[in-house]
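Enquirer: Residues per chain, in single letters:
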Amino acid sequence: MAVLTREAPAGVSAERNARQRRKEVKQWLAVLPYLGPSLFLFAIFVFVPLIRTVVMSTYATTPIGEMTKFVGTKWFARLASSNVYLNSLKVTVRFVLYTVPGVLALSLLLATLGNLRLRGISFFRTAFAITLAVSGATAALIFMFLYHPVIGTFNHLMELIGVGRVPWLTDARYALVSVAIPRIWLQTGFATVVLLAGMQGISDELYEAARIDGAGFWQCWKNITLPLVSPSLFFLLVVVTLNAFQTFTEVNVLTSGGPIDSTQVVVHEIYRSFYFNGQYGLASAQALILFVIILGLTILQFGVVEKRVHYT
Amino acid sequence: MKRTLSVVVSILVVASMLLTSCGAPAPTAVPPTAVPATKVPATAVPATPVPPTPVPPKEPVKIDFWFAMSGKAGETVQELVKRFNESQSEVIVTATYQGSYDDAITKLKAGLQSKDVPAVTQMYDLGTRLLIDLKVVKPVQDFIDRDKYDIGDVEPAVRNYYSVNGVLYPMPFNSSNPVLYYNKTMFKEAGLDPEKPPRTWAELTEAARKLVKKDASGKTIQYGCSFAIYGWFVEQFIAVQGGYYVNNENGRADRATAATFNGPEGVKLLEWWKSLNDEGICINLGRKTADTKKAFDSGVVAMTLDSTAGVRDRIDAAVGKFDVGVGFLPRSSEADFAKSGTIIGGAAVWILNLRPEEEQEAAWKFVQFLNTAESQAFWHINTGYYPVNAKGYNHPDDIAWRAKYPQFQVAIDQLHAAPFNNYTAGGLTGVFPEARQTVEAAVEEYFAGGITAQQALDKAAASVTQAILDYNDTVK
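Protein sequence lines correspond, in order, to chains B and H.
Residue numbers 49 to 360, in my numbering, belong to the letters of the first sequence in order.
Residue numbers 163 to 638, in my numbering, belong to the letters of the second sequence in order.
Some clues are possibly wrong.
Sample of chain H residues with no beta-carbon within 10 Å of chain B, all distances over it, derived [stated by the list, open to error]:
1) Gln250
2) Asp307
3) Gly314
4) Asp315
5) Ser325
6) Gly353
7) Ala364
8) Arg414
9) Glu433
10) Arg449
11) Lys483
12) Arg517
13) Lys527
14) Ala565
15) Ala629
Straight-line Cα separation of at most 27 Å, BS3-like style, residue types lysine-lysine; simulated pairs [said to hold, decoys possible]:
16) H/Lys220 with H/Lys310
17) H/Lys621 with B/Lys138
18) H/Lys277 with B/Lys117
19) H/Lys527 with H/Lys277
20) H/Lys621 with B/Lys122
21) H/Lys358 with H/Lys376
22) H/Lys381 with H/Lys436
23) H/Lys297 with B/Lys117
24) H/Lys234 with H/Lys436
25) H/Lys375 with H/Lys456
26) H/Lys483 with H/Lys430
Just so you know, the hints here were simulated from the structure itself, not pulled from any lab data.
Since this is a predicted model, take the numbers as computed values, not measurements.
Cβ coordinates follow ideal geometry from the N, Cα and C atoms, glycine included.
I would like the entire structure built from these sequences, with the hints used as guidance.
Expert: If you want it as structure tokens, here you go:
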């Protein structure tokens, strides 16, 4: 279209064209003050560090992170053959699989319950959402006490029901699940709020119409509620997945990646390389790979899953 | 339209979450300028509200001090700083807690990048090589030589531990070694002599067998022992058998180039340790000494290993429940006692050369204060870290305290019983924190089964050797 207009001989359309362009410039000028601050912050806290990370991933560094000499792809080559890093990627994927479906299912259930019209329901809505007010570190500390092998509540309960002490955090078979549980607990509050808001936004007329047609609770839920909260669900899928990929706090507090690296998720591995081992170049390479993976996954989610989302 | 809008919104939200979760590291220190002076309003009438200043109206020098002690020890550090500030008017020390030892070294490294460092910092033994290699330290030796300061009272083993090529780098402050804590009451119940803790591994195994208790259903309700999978214990156990952690005589004869903790000493240790757990007489509670301490305090395990720095806490926690006994770190055999001994653990205070000279001088005054007899005796009594100088040890308060609580004597005896050689000097390498974690993972892997102790340690040693070589490359 634009090409056509530009080639049009008449001076009128050229004039219109110029006017349009002025209008566009004006629009941009109006938009910039709004976007400016966030662009500025993005540049400082995201883009600049990102570029620095790219550069650093190709350099050798001193123990305090000054870049010394260019080493090309040395760090990436080492990562490709590093069992530790590959393991951390696997652990992360497992962690995502442990937490994301759990959070979505649980929050869908709680939001559905919270959406019922019952006396005193707002109390329950608040209760469901309360974990929003809890930080990751606090949640991890609470669970650390619950998991304590000898004096923890969980093991006390396990003994009462005759199972015996479970080495929650000290056995490689259970540790990752044990770390995933506080994460599910924590994120479900946030997810419930988002879904509940979505459900509250659904017009009553739809339900009334359905009921007149003889639909029961389950049919209403399946055919009205679920499709109409699908945008919220999709949003949660993306956000909860990204969060799970970036898990750090719970791992750092509860297990520090152990036992035998069974909870060593990628971000904790990056942390260990960067801060603890002083391997700044290697850590940068690890971070870049994670960045590419998450970016790819998000594009995939938008490309595939979003097709099934129903926007009103 | 709505669709694109919601996509944009989702992307923004996602991006902002990325932003919040990978933000810059938390600020590490209180800026040195943010101390009282600024509180005086500029317009205020002068003289009246200001406390009387001593005759030379020189502004006191303000310095930052970072420390890495929590609990009772942390409070004691704060108290010492307060006493120092009150004792003179030339220097004001602001002490800031930096988290665990590992956190503190991490923060110092971050601080060095941004040139935001304190004048004096507490740093654990593992950081020695790194700090010296970074050339950011003002050796206290310089001050000692200049002021003819008498360092002769400081325990020779501790002095040697923090000296490299004859130069004493930090001022020794809190030194400890690992000891065996045991529940005397349980010993009595099990028919063991509560005054004779096991001295060797074989004796410990025997004692643990007697101490283990099961209920009617066969469930264990009391374990003989539990040792945290803490790399420091492995280092100590290798040293007391006369083994090196890294080559070139623990990195003391020359810069270390390879890990050697996978020798027979390490293998023997791991096999014995696992046998305790496999037999069911001891329990593995993971890496955290906090967990084994809790288990000991609550009477679930009869013996545990920990630094002598916890003596005061253990005794306090057991009041009214049981009597706490303290013994030497058990050895693989009696012969070990003659051959070698424990390594100096704990930390020292380091003066950094990046701050102005007057701050370095002020820091020197402060570290001298920490090394006085009163300070060291006070420190010992309140924590369990033994006095690093003989003056503190012979201070009347300290003597009276040890008479009352002989448990505080054990670590000192263990220190004096250790011959001085490069086994007991401990390993010196720039990647020690990483090495320690790698060893801990190896122990866990071996305990989980499917791999021999030798294989687990070989794997760990290969990884640490690689790290040492990388490190050596960057500091040469």
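Enquirer: None of the hints should be skipped; say for each whether it holds.
Expert: The hints, checked one at a time:
1. Gln250: 34 Å, holds
2. Asp307: Holds: least Cβ distance 28 Å, greater than 10 Å.
3. Gly314: Non-interface label on H/Gly314 holds, nearest chain B Cβ at 34 Å vs cutoff 10 Å.
4. Asp315: 34 Å, holds
5. Ser325: With a cut-off of 10 Å, H/Ser325 remains clear of chain B, as the shortest Cβ separation is near 21 Å.
6. Gly353: 25 Å, holds
7. Ala364: 26 Å, holds
8. Arg414: At about 20 Å from chain B, H/Arg414 clears the 10 Å cut-off, so the statement holds.
9. Glu433: 18 Å, holds
10. Arg449: At roughly 6 Å from the nearest Cβ of chain B, H/Arg449 sits no farther out than 10 Å, so the non-interface label is violated.
11. Lys483: Nearest chain B Cβ is 14 Å from H/Lys483, so the label holds.
12. Arg517: 16 Å, holds
13. Lys527: Consistent with the label, H/Lys527 stays out of reach of chain B, its closest Cβ about 28 Å off (over 10 Å).
14. Ala565: 34 Å, holds
15. Ala629: 7 Å, violated
16. H/Lys220 with H/Lys310: 26 Å, holds
17. H/Lys621 with B/Lys138: 20 Å, holds
18. H/Lys277 with B/Lys117: Holds. H/Lys277 to B/Lys117 sits at ~22 Å (cutoff 27 Å).
19. H/Lys527 with H/Lys277: 23 Å, holds
20. H/Lys621 with B/Lys122: 22 Å, holds
21. H/Lys358 with H/Lys376: At roughly 24 Å apart (the allowed maximum being 27 Å), H/Lys376 and H/Lys358 satisfy the hint.
22. H/Lys381 with H/Lys436: 20 Å, holds
23. H/Lys297 with B/Lys117: The hint holds at about 20 Å.
24. H/Lys234 with H/Lys436: 33 Å, violated
25. H/Lys375 with H/Lys456: 18 Å, holds
26. H/Lys483 with H/Lys430: Violated, at about 35 Å.
In this structure, the hints that do not hold are numbers 10, 15, 24 and 26, in rising order.
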